[in-house]
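Undergrad: Next come the chains, spelled out residue by residue.
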Amino acid sequence: DGGITQSPKYLFRKEGQNVTLSCEQNLNHDAMYWYRQDPGQGLRLIYYSHIVNDFQKGDIAEGYSVSREKKESFPLTVTSAQKNPTAFYLCASTPGQGGGYTFGSGTRLTVV
Amino acid sequence: KNEVEQSPQNLTAQEGEFITINCSYSVGISALHWLQQHPGGGIVSLFMLSSGKKKHGRLIATINIQEKHSSLHITASHPRDSAVYICVAYSGGGADGLTFGKGTHLIIQP
Chain A
1163 DGGITQSPKY LFRKEGQNVT LSCEQNLNHD AMYWYRQDPG QGLRLIYYSH IVNDFQKGDI
1223 AEGYSVSREK KESFPLTVTS AQKNPTAFYL CASTPGQGGG YTFGSGTRLT VV
Chain B
653 KNEVEQSPQN LTAQEGEFIT INCSYSVGIS ALHWLQQHPG GGIVSLFMLS SGKKKHGRLI
713 ATINIQEKHS SLHITASHPR DSAVYICVAY SGGGADGLTF GKGTHLIIQP
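These protein sequences, in sequence, are chains A and B.
With my numbering applied, the first sequence closes on residue 1274, and no number is skipped along the way.
With my numbering applied, the second sequence closes on residue 762, and no number is skipped along the way.
Just so you know, the hints here were simulated from the structure itself, not pulled from any lab data.
Just so it is clear, the structure is predicted and the values come from calculations on it, not from any experiment.
Don't take each hint at face value.
[Claimed, not checked] Each computed EDC-like pair below joins lysine to aspartate or glutamate, with the alpha-carbon atoms no more than 20 angstroms apart:
#1 1233(A) with 1186(A)
#2 754(B) with 1221(A)
#3 653(B) with 1221(A)
[Unchecked claim] One-sided excerpt, in silico: chain A residues whose CB lies under 7 angstroms from chain B:
#4 1165
#5 1174
#6 1178
#7 1181
#8 1207
#9 1210
#10 1217
#11 1258
#12 1262
#13 1267
[As the list claims (entries may be wrong)] Restraint ranges, calculated between C-beta atoms of paired labels, are given here:
#14 657(B) with 1219(A): 23 to 33 angstroms
#15 668(B) with 1219(A): 24 to 34 angstroms
#16 709(B) with 1239(A): 30 to 40 angstroms
By construction, the Cβ of each residue, glycine as well, lies at the ideal position given by its N, Cα and C atoms.
Kindly produce the complete structure, drawing on both the sequences and the hints.
TA: This is the structure in C-alpha cells:
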C-alpha cells in the first residue's frame, strides 16, 4: 500500500549535532511538507516543497534545512542553529492543490 | 487566516461511554482531517471528509459545512482509545492550506 514512511520513530542526539529526519513517500505526490509540534500547540509548518528541486520556508524555518532531489524524498535536517530542537516532527504529502493529504506517523526528536 | 478550535481540550471518561470531540473553524473549507496521536507521538490518520458522515469501526466523523463544524464520536469507548485527537482543516491558499487544531487529550479509564 502507498503511504509515507518516517524514520526513525524516536531519535536522540547530543546538543550541537546536526540530525537528519527521513520522509519517503510512494504515492507519486508532488507536494511535501514538514511540521513541528510542541506541547500544547498546534503543528506548525517548517518547510514545504511543491515540486522536485524546489522548496520554500514555512512559518518556523530558522535552524532547519531541507532538500528535494527526488520526488519521493524530502529529508529535514535539524541544525545546531535550532535553539530548541526537541519536538515531534511530522511529514505530509499531497498530489497538489486541493488534493487529500497523507500524513506520516512522525518522529520524536530528543536532544540532550 | 483560518482558525480551528477544538473542544474540549481535555476529556476523561469511563470505559464504555460515548465520546464526542468538537472542531469549529472560521473560514470555509474544502476538507477536514481527523488525526489520532498516541502516547509516544505516532500519528494515525482517521478520516478525511468534506461533507456528511464517515464511519470506521467505533469511530464516526461528521461535518456540517454551513455551520463550520465537525465532530468525532467514539462509541463504546475503550482505554486503547486514549490519545490526542487533532482536527486539521484544509481551506486552500497559502503554503499548505492547512490549519491544525491544538488537539483534544482523551483518557478512557477502565
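Undergrad: Hints broken by the structure, by number, lowest first?
TA: 4, 5, 6, 7, 10, 11 and 15
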